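Participant: Now for the letters of each chain:
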Amino acid sequence: MDGMSIVAVVIGTIAFTVAAPLLGCLLAGIDRKISARMQGRVGPPLLQPYYDVRKLLEKDRVSVNASEGLYISCALFFTLLAGGIFFSGGSVLMSVFVITLAALFFIVAAYSTRSPYAEVGANREILQVLAYEPMVLLVAVGFYMAIGSFDVAAALGAPVPAIATTGLLFIGFLFVLTIKLRKSPFDLSYSHHAHQEIVKGITTEMSGPTLAKVEVMHWCENVLFLGWVGMFFLWANPLSILAAVAVALFVYFLEIVIDNNFARVKWQAMLKWSWLVTIIAGGINIVLLTYL
Amino acid sequence: MGMIGFLILFPLVVALVLLCVKNNQARNVIASIAAATIAFASIALTVVYFGKDSFISLSSPVIDYICSAIGIIIAICILVYAVRYRNILAGVLALVQVAAALVFEFGFSHGIAVASGLYLDSLSLLMALVIGVIGSGICLYALGYMEDFQAEHADAPDRRPVFFALMFLFLSAMFGVVFSNNMLWLFTAWEITTICSFLLIGYTRTDEAIKNAFRQIVMNLLGGIGFTAALFFIAVNFHTLSFAEFIAAGAANPGLATLPVICLAFAGITKAAQMPFQSWLLGAMVAPTPTSALLHSSTMVKAGVFLLVKLAPIFAVSFVPSVMVILVGGVTFTFCSFMAISQSNAKRVLAYSTVANLGLIVACAGVGTPEAIWAAAFLIIFHAIAKSLLFLCVGTAEHHIGSRDIEDMDLLFERMPQLARYMMLGIMCMFIAPFGMLIAKWATLVSFVDTKQVTLIILLVFGSAATFMFWGKWLGKLAGIAGSPENDEQTVHRSEWVSILLMVVLVVACCVGLPFISLYVIEPYIATVFGTFSRGIADGNLVIASVATAFVVVVLFAGLGKGKAKKAEVYLSGISVDNEGRTFSNSLSKETAATARNWYMEHIFGEQAISGIGTVCTALIIVVAFLASVASLLGMF
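Chains H and Z, in that order, are what the protein sequence lines are.
Just so you know, the first sequence maps onto residues 1 to 292 in the working numbering.
Just so you know, the second sequence maps onto residues 1 to 637 in the working numbering.
Derived from the structure by calculation, the hints contain no laboratory data.
Predicted, not measured: the structure shown is a model, and the values here were computed from it.
Any given hint could turn out to be false.
[To be verified] Examples of chain Z residues toward chain H, derived with CB under 7 Å:
| no. | residue |
| --- | --- |
| 1 | 449 |
| 2 | 452 |
| 3 | 454 |
| 4 | 461 |
| 5 | 465 |
| 6 | 473 |
| 7 | 475 |
| 8 | 479 |
| 9 | 541 |
| 10 | 555 |
| 11 | 556 |
| 12 | 559 |
| 13 | 565 |
| 14 | 570 |
| 15 | 571 |
Ideal Cβ positions, reconstructed from N, Cα and C, are used throughout, including at glycine.
Could you put the whole structure together from the sequences, leaning on the hints where they help?
Facilitator: Below, the structure written as structure tokens:
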């Protein structure tokens, strides 16, 4: 049985490695298109993110030190593993932990450059983890309490979807999802938009193939996070997968709207608001799940 | 029996010998051989007796009298220091405790014979391994460290014989704690660890050291008085002094056991430096680093949590003590993790992290279910190894870069490449998946959810996020790589390398071998104590974690720093003068060096903001628990 689950994770990781960059790339293209239309522009072609990454891959390997590239490769690898664990029906919590490891490698890569801008970006990125991590952990706990297992596969055997008892947790999760997707108002550590006050923040010193890996990692992350959104809506009916995909896409659209309508906030506000939301929405929902 | 006796008595003999040996060379040889002997003896004991839980018939009034005598000697010793340094409180507490202990021994405990004075089970064997292998590794490390320490404090008299005698005496006492079934002996060993810690904290005899040593002794004497009170109740109500019998009887009759368990838990909480008593452990960081590693991370504070874990079967059925321990542990975990964010002194970060992790273990013990004890056992193992590794690394770094401030570790990767890697490994083991500590935290979370501990869940998720922050930024500092390599590693003593490497090997072996340790060590113990057990984490996930750990270790030691990319300069946004030095030309055409510091967020996570709230909360919890248990006891009659 356990041998099976490990095989499933390996197969899942390989499948995720193939599919997630494709899906993520399309999502990024759609994002740019929709954002452009909201701002009254035509926007780049749908495949522009792919063209960008292809160009980056063609560039010379240039780096400020001999370790940065390896850290980023590790970050990408663990992102793929986290996706593989999740989409093969494995443990949500394990997936959360592994993606946190990926985040750590990303942060350490930026620190290792000792570049002033990258270091400020890295500090902000750590702060972002501090802001969203409690809510993400509570989501995993809430899922476990609603479904009776941390395994995503178990949701497909549940009589009702997790959302039936985890509405507040879902709202709280949407709040921190903005941080995880690096959308304004919480895109403090690095932003899709050109120069921000700390240049390119955490990715300032990353270039060429290394930056391409960061982009691909970001696509894969987005797919995984939308998967976490979808898992709230799975139940014993196989058609629920369609519902989950629909909700995930709607949430992505919502995030684009938010991205285009809010100015970046200071870190104090981000920390305060995300912890408040976590305590109120997450706390109340966990209490309800425990005692009802 | 013979081997347990050896483990308790041999370090004692070594301590006496080292007290008399003034010659440096001779001490190095004796201590090294002794440390290796203790390590091998504890491994041999584990191999021979594993899975053969047994009680050893040993009942001797002579040992009882020796224990009384030791108690009196300890009290006299504290009194002498209290008089010399005019600390009335410590003197009074020492008098109270010795008087109470004597009244107890000659008035109450008479006629209560404990047939099996010693025992061993998987948990005590596990602790013996921690003490024997990690403890003696640290003693070995101390040989090189203290040489540098003495060289730096050349004007101070060479008191190393005392130092090493205390270290080995301490090992002996710890073996006494984990193997004693007779609670009188257990208490004596407990008190020896207290006095050793007191003397080692005050080792340098600076004003600060003396002040912190007295803070330690006052708090731990309070705990000791709690322990004595528990002995009174147990002798009167249960007519036994056998720890095992008390645990069985207490679990069968939780109402009667409430007050003694609260008293014992109080003793455990003081020793494990839980809030509101966390300040003694913070103060203890003035001691030489091996002391911090041995007493205040891997062994002495573990005595406190060991006691609480032993009491778990009673916590599982007894409401008030369980709630007290759970809340104190949970609040300590979260608040101390917050405070660690605001610290830049590496040893203080380590201290706060120690207190926080002990809080988690304490909370697990309070939950008392088999799953929680599984988590607690792993937290004990991984914390002991990884924290010792970190203390040893910080100690060595301190002697070679001249600072224990994390901000000064900026270029450690260049200056001490091996040491920086070891430190990074230790840090990662403390807080990130797939390393052991996080797997244990995962199990902790599952057990909290299963037992519906909502408060603990909330405390745990916030505390864990804080943990990520303070370890992550330290790790980032270490990863900093720039030009001009100047290797400072050549002068590190060999004994330091040997013990650091020992810890590294242990960290990797235990993280990668986690599934096996669970299967062959922890689960048998839980099966004997609780009967049934279902682990909260599936085997598959343990295996994934184990493989992923191996991967990260390979990357850390084989891959880093070998990239072949073309070298570029960092971006300084404007006219740079010297990119190596991060110097740029500012708006007044002057030169400015760009510097970046980690974030400490003093006004949010500072000690002043948080320590007060935590102290008041936990103190209230303890007082209310005491009152509730007294009330329930009175209600029973």
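Participant: Now tell me if each hint is right for this structure.
Facilitator: How the hints compare with the structure:
no., hint, result
1, 449, "holds (6 Å)"
2, 452, "holds (5 Å)"
3, 454, "holds (5 Å)"
4, 461, "holds (4 Å)"
5, 465, "holds (4 Å)"
6, 473, "holds (6 Å)"
7, 475, "holds (6 Å)"
8, 479, "holds (4 Å)"
9, 541, "holds (5 Å)"
10, 555, "holds (6 Å)"
11, 556, "violated (10 Å)"
12, 559, "holds (5 Å)"
13, 565, "holds (4 Å)"
14, 570, "holds (4 Å)"
15, 571, "holds (6 Å)"
When each numbered hint is compared with the structure, a violation occurs for hint 11 only.
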